[in-house]
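Protein chains: 2
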Amino acid sequence: MNQIKVQLDSRTSASYKIHIGLDIIDRIGVLLNKGNWINRHIIITDSRVNTLHGERVVDTLRPMDLKIDLIDFPAGEASKNIQTSLRLVENLMALGADRHTALIALGGGVTGDMTGFIASIFMRGLPFFQIPTTLMAQVDSSIGGKTGIDIPAGKNLLGTFYQPQAVFIDLSFLQTLPDLEFNNGLAEILKHGIIEDPQLLTSLEEEIQAVKKREPKLLEKIITKSCRIKKRIVEMDEKEGGLRRILNFGHTLGHALEAESGYTISHGQAVAIGMVYAATLSEKLNYLSSMDRERIESLIKAFELPHRIPRDLDTKALMSRLTKDKKKEGALIPFILLKKIGLPFINGEISDTIIRETIEALKA
Amino acid sequence: MNQIKVQLDSRTSASYKIHIGLDIIDRIGVLLNKGNWINRHIIITDSRVNTLHGERVVDTLRPMDLKIDLIDFPAGEASKNIQTSLRLVENLMALGADRHTALIALGGGVTGDMTGFIASIFMRGLPFFQIPTTLMAQVDSSIGGKTGIDIPAGKNLLGTFYQPQAVFIDLSFLQTLPDLEFNNGLAEILKHGIIEDPQLLTSLEEEIQAVKKREPKLLEKIITKSCRIKKRIVEMDEKEGGLRRILNFGHTLGHALEAESGYTISHGQAVAIGMVYAATLSEKLNYLSSMDRERIESLIKAFELPHRIPRDLDTKALMSRLTKDKKKEGALIPFILLKKIGLPFINGEISDTIIRETIEALKA
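Keeping their order, the protein sequence lines are chains A and B.
In terms of my numbering, the first sequence opens at residue 1 and continues consecutively.
In terms of my numbering, the second sequence opens at residue 1001 and continues consecutively.
So here's chain A without its partners, still in its complex pose (with noise of 0.2 Å):
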């Protein structure tokens, strides 16, 4: 088992550990119980990951000392919305749920940020755990204190900063994945090689069949490593002032794209594509080699996930979906290039006629 240690620039936000490794449910007993003004936990999960695990999980910890209940709430972003909260409040309270009560997120992505949001806004704040289950939450979304929800006017527009007490990150949940599911989190996992490490990317190249194979000692180490970036970003600048913006390498486009299809692209899928369009647009500029850039590429293509953006969706929308402020013309949103891998940075400054063109040039 491995742990990293978060450690924020904060007295208030306590900083935490995450744990990664094969079947450590059985650990989580021991470590949950070590905070003793805890007296209750109550699991937050969707219907899917209870239908696979909730069962395991209860049974794991109720023998524990640990008073444990579990509540559900239909599968789905769709569910990831204020009615589901507060009819989850709604099942909080009737549990007698009160300050001494920690929540605990078993899921996906969705399951975190809505129940980071409701513990840090349920009776001014609830201590919370994480057991993120896809690997996209288990390298990404559980790590960095983002909580939130959607509204109709757009994602995650209610949320908060909000740490939890520690994240545990149990690779046997890996295994029930699907494919899709499995390949979304490889993206986040590319990404973070791509704008910090280029020794994770070597690694992924050299073992593409064994990580599709999800095995699981290498998944540990690939996981390990790409947490200890996230966390190493996201400790500089908790509040996502500035230097966090790095991550959203890729998302740019990304978030358009999703938003564009109706979300029947995938945030994984758009983020890859997203990748692919930073490269390119990096390397048009004269930032990045075309080695590179073919290398990223590449490395998205033997993963499965698109390079291309499907010819359907039109380029106006797409370009206005980049724009800041629709009231103002050439107010676009910024990129984050590359100059070369491992090597990222900000730039505002591209023109309308080439982000335009790029797109152009990346349709398929």
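Please note: incorrect hints may appear among the correct ones.
[As the list claims (entries may be wrong)] Cut-off 27 Å, straight-line C-alpha distance, at most; resulting in silico cross-link-like pairs (DSS-like, lysine-lysine):
{"no.": "1", "chain 1": "A", "residue 1": "Lys5", "chain 2": "B", "residue 2": "Lys1231"}
{"no.": "2", "chain 1": "A", "residue 1": "Lys339", "chain 2": "A", "residue 2": "Lys363"}
{"no.": "3", "chain 1": "A", "residue 1": "Lys340", "chain 2": "A", "residue 2": "Lys225"}
{"no.": "4", "chain 1": "A", "residue 1": "Lys213", "chain 2": "A", "residue 2": "Lys301"}
{"no.": "5", "chain 1": "A", "residue 1": "Lys17", "chain 2": "B", "residue 2": "Lys1239"}
{"no.": "6", "chain 1": "B", "residue 1": "Lys1005", "chain 2": "A", "residue 2": "Lys239"}
{"no.": "7", "chain 1": "A", "residue 1": "Lys231", "chain 2": "A", "residue 2": "Lys217"}
{"no.": "8", "chain 1": "A", "residue 1": "Lys239", "chain 2": "B", "residue 2": "Lys1239"}
{"no.": "9", "chain 1": "A", "residue 1": "Lys231", "chain 2": "A", "residue 2": "Lys340"}
{"no.": "10", "chain 1": "B", "residue 1": "Lys1067", "chain 2": "A", "residue 2": "Lys239"}
{"no.": "11", "chain 1": "A", "residue 1": "Lys340", "chain 2": "A", "residue 2": "Lys17"}
{"no.": "12", "chain 1": "B", "residue 1": "Lys1239", "chain 2": "A", "residue 2": "Lys231"}
{"no.": "13", "chain 1": "B", "residue 1": "Lys1231", "chain 2": "A", "residue 2": "Lys239"}
{"no.": "14", "chain 1": "B", "residue 1": "Lys1217", "chain 2": "B", "residue 2": "Lys1231"}
{"no.": "15", "chain 1": "B", "residue 1": "Lys1017", "chain 2": "A", "residue 2": "Lys239"}
{"no.": "16", "chain 1": "A", "residue 1": "Lys67", "chain 2": "B", "residue 2": "Lys1225"}
[As the list claims (entries may be wrong)] Pair ranges (Cβ atoms, derived):
{"no.": "17", "chain 1": "A", "residue 1": "Asp26", "chain 2": "B", "residue 2": "Pro1152", "range": "57 to 63 Å"}
{"no.": "18", "chain 1": "A", "residue 1": "Thr323", "chain 2": "B", "residue 2": "Asp1179", "range": "50 to 56 Å"}
{"no.": "19", "chain 1": "B", "residue 1": "Pro1310", "chain 2": "A", "residue 2": "Asp237", "range": "37 to 43 Å"}
{"no.": "20", "chain 1": "A", "residue 1": "Asp237", "chain 2": "B", "residue 2": "Thr1202", "range": "50 to 56 Å"}
{"no.": "21", "chain 1": "A", "residue 1": "Ser289", "chain 2": "B", "residue 2": "Asn1156", "range": "53 to 59 Å"}
{"no.": "22", "chain 1": "B", "residue 1": "Pro1152", "chain 2": "A", "residue 2": "Met236", "range": "41 to 47 Å"}
{"no.": "23", "chain 1": "B", "residue 1": "Gly1154", "chain 2": "A", "residue 2": "Thr264", "range": "39 to 45 Å"}
{"no.": "24", "chain 1": "A", "residue 1": "Asn91", "chain 2": "B", "residue 2": "Ser1320", "range": "48 to 54 Å"}
Since the hints were made in silico from the structure, they are not lab data.
We put the CB at the ideal spot given by N, CA and C, even for glycine.
Model the placement of chain B on the given structure of chain A, informed by the hints.
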């Protein structure tokens, strides 16, 4: 103008200043302008305060190079809910609010609590300023960073600890305040004197008529003292770990009275009765002298606040509201008692019998 600096024991919640004086709105503009990364301000207020003061505040601030907008919601505690909050968020979106937008809460406790809550969760946190317009908000709810909204299951069940950038207490707002509201605020000032500052009580005793006439110079002095007491307690215990509970003096029974009366008893009135009750309990248990208890009761009467429990409130129902855990007998909420004026302590060991008898004894 007086200034009080609130220094919180954390690097994330920046410390901030409370500015107190008569007609200081024009200075607010200058102070707001200092935060130069904020490029616009949106005032949130209720319909009543908007009618009375909205135009004046906007007209004062707008010429000062500030981009100011104002949105309002129907006045009253009934508005302090998630529906109103979501509507206000929609209004913010429509105005194009982003992370460089600051919110200004202009109004009483409802406006301050709800605006603070929205500021804390919209786009993971916008800066916000407090311009409290009621005496209660000026000396109590605007200081301490507690935000919140009500849900059907209870008051303030959703909320955060979120500190404002600054608080501006302008005494001119007090001139239009109904007597009932003004007296509500006096109850909290009395509380601050009782738990921390016998000198403040003496000033109040000596100047009863001038206080009632709302003489600005005197009010400035009293409000400043009162704010200083609250801020000192908040500084020592930002997140309500323990010490801050002494601010609940008079509130244990007070909350039960408010709820049991269906909120026909106002918060200040309920706290006034609750303080007489806590003092009586303290005397009965031989902690407090009868002289001190009488002094408290006299001041409450002098400021035309109630000092007896309405006869029509059922003792059994009140007792049940004082119980922490409905399933456990004898699990009563702890009371804040007094050893003398200025010396409060927490006592969770009082027998049901004494609590019940004292309720009966104070009925009128």
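Hint check results:
1. For the suggested pair A/Lys5 and B/Lys1231, the alpha carbons sit about 34 Å apart, so the restraint of at most 27 Å is broken.
2. Restraint check: the Cα-Cα separation between A/Lys339 and A/Lys363 comes to about 24 Å, which is no more than 27 Å; the hinted pair holds.
3. Restraint check for A/Lys340 and A/Lys225: satisfied, since their Cα atoms lie roughly 20 Å apart, inside the 27 Å limit.
4. At most 27 Å may separate the alpha-carbon atoms for a hinted pair to count; A/Lys213 and A/Lys301 meet this at roughly 16 Å.
5. For the suggested pair A/Lys17 and B/Lys1239, the alpha carbons sit about 22 Å apart, so the restraint of at most 27 Å is met.
6. For a cut-off of 27 Å, the pair hint linking B/Lys1005 to A/Lys239 stands: about 24 Å separates their Cα positions.
7. Of the pairs offered as hints, the one joining A/Lys231 and A/Lys217 holds, with about 21 Å between alpha carbons and a cut-off of 27 Å not exceeded.
8. Between A/Lys239 and B/Lys1239, the direct Cα distance comes to roughly 20 Å. Compliance with the 27 Å bound is thereby established for this hinted pair.
9. The straight-line distance between the Cα atoms of A/Lys231 and A/Lys340 is roughly 22 Å, inside the 27 Å bound, and the hint therefore holds.
10. Between B/Lys1067 and A/Lys239, the direct Cα distance comes to roughly 25 Å. Compliance with the 27 Å bound is thereby established for this hinted pair.
11. Taking the CA atoms of A/Lys340 and A/Lys17, the gap is near 31 Å; set against the 27 Å cutoff, the hint is violated.
12. With a C-alpha separation of about 26 Å, the suggested pair B/Lys1239 and A/Lys231 falls inside the 27 Å cut-off, and the hint holds.
13. Of the supplied pair hints, the one linking B/Lys1231 and A/Lys239 holds, its CA atoms being roughly 26 Å apart against a limit of 27 Å.
14. A C-alpha spacing of about 21 Å is found between B/Lys1217 and B/Lys1231, which places the hinted pair at or below 27 Å, so the restraint holds.
15. The suggested pairing of B/Lys1017 with A/Lys239 holds, with an alpha-carbon distance near 22 Å, which does not exceed 27 Å.
16. This hinted pair does not check out: A/Lys67 and B/Lys1225 have alpha carbons roughly 46 Å apart, beyond 27 Å.
17. Taken as a hint, the range 57 to 63 Å is violated for the pair A/Asp26 and B/Pro1152, whose Cβ atoms sit roughly 39 Å apart.
18. Separated by about 53 Å at the C-beta atoms, A/Thr323 and B/Asp1179 satisfy the suggested range of 50 to 56 Å.
19. Between B/Pro1310 and A/Asp237 the Cβ separation comes to about 55 Å, which falls outside the hinted range of 37 to 43 Å.
20. Distance hint check: the CB atoms of A/Asp237 and B/Thr1202 are about 51 Å apart, consistent with the given range 50 to 56 Å.
21. Range check, A/Ser289 to B/Asn1156: Cβ separation about 57 Å, and the 53 to 59 Å hint holds.
22. At roughly 42 Å, the beta carbons of B/Pro1152 and A/Met236 sit within the given window of 41 to 47 Å.
23. The hinted window of 39 to 45 Å between B/Gly1154 and A/Thr264 holds, with their beta carbons roughly 41 Å apart.
24. At about 23 Å, the beta-carbon gap between A/Asn91 and B/Ser1320 misses the expected band of 48 to 54 Å.
When held up to the earlier numbered hints, the structure conflicts with 1, 11, 16, 17, 19, 24 and fits the remainder.
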